[in-house]
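One letter stands for each residue in the lines below.
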Amino acid sequence: MDWIPDQTARFIKKYWMFGKDEKILVAVSGGKDSLSLWDILIRLGYQADGLYIGLGIDGGISYSDRSKELCVSFAENRGLKLHTVDIKAEYGRSIEALASEKGRGMQKPCSVCGVVKRHEMNRIAKDLGYDVLATGHNLDDEAATLFGNTLSWNQDLLRRQSPVLAESHGLARKVKPLCRFYEKEMAAYAILRGIDYIYEECPFSVGSTSIYHKEVLNRLENERPGSKLAFYVKFLNAREEGLFSDSIIATDSKPDQVCEVCGQPTTNSGKCAFCKIVGA
Amino acid sequence: MTVTIHFREKTFEVKSGMTLRDSLKKIDILPESILAILNGEMVLEDEILENGQEVKLISVISGG
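Residue numbers (the numbering used here), protein chains in the order written: chain A, 96 to 375; chain B, 40 to 103.
Among these hints, one or two may not hold up.
Said to hold, decoys possible - Under the rule of at most 20 Å between Cα atoms (straight-line distance), these lysine to any residue pairs were calculated in the SDA-like manner: (1) A:Lys279 / B:Asp67; (2) A:Lys279 / B:His45; (3) A:Lys118 / A:His178.
Claimed, not checked - On the chain B side, residues computed to face chain A include the following (Cβ under 10 Å): (4) Ile66; (5) Pro70; (6) Ser72; (7) Glu93; (8) Ile100; (9) Ser101; (10) Gly102.
Said to hold, decoys possible - Among the chain A residues that face chain B by a calculated CB cut under 7 Å, a handful are: (11) Glu278; (12) Ser305; (13) Ile306.
These are computed hints drawn from the structure, not numbers from a lab. Glycine included, each C-beta is placed from N, C-alpha and C at the ideal position.
Bound-form chain A, shown alone (with noise of 0.2 Å):
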């Protein structure tokens, strides 16, 4: 039980991911990945608070009422403070009705709700103070990321595909801690130190293509064990030996404008990304 926050207070060293004294916010959904990488936070002394962004999902199974009730509940039984936005109350419509409302993402909000959900967290963590903003992606979801951005050979997703992305234009450092643990070993943590969190998947994760990478990755994972993570890690090293200097592929491409209604950096002149599916 020791093994697991052991090793990330080491790929928190190796990376330069945070020190004791800064504050961390720490995304959480109600998934065994986020309430653990909280768990470990804590056991390992550092400051770290949580954040819930309820997304008003419910597909039949009252999917964000159950999630959230997950959180608050993680957090008042260990005397943690939680953080929580709910985007209906906060912007007048859910995820699914933003989504439907905007015509994207052919029926599945994901696209719509990814964009939320970046924008809801760098703005809170500016906002109240937090040093760092941190997610429990794992290697599972790291490895499925690389495999889809390389299949597409998406060189700016590749590039800025990283444990750590350093603060920047107005964006808040973003840190996966998590990211060399197997999703397997996070749900056997979780298990093991009675973490109670939602089993059921968001109703629209269904089908989708990074769990469908996940699905072969872990078929490559079963014939070839170890494949996941030297894929990670090997890709890992080659950014850090220089995958990326050449001048072509680092052109930088970081927004170099600021919203005109939020004032969050955008790679478009006037509204951002978010201010446009909001309507604001």
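Chain A is fixed; fit chain B onto it per the hints.
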């Protein structure tokens, strides 16, 4: 002489005396994608499943 395996809404029956890993192979489920629980305890892949046991599988894949 069977072992019952529950996964999501489905129930599978496999012969007893096999390891968890071999039992999962019979029903085409990758061990990387699940955790197996027997009487509230986690089951390791090389554990042999015995007659009458009921194993619950929990999916570990998340995301979207």
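*Sort out which numbered hints this structure fails and list those numbers smallest first.*
4, 7
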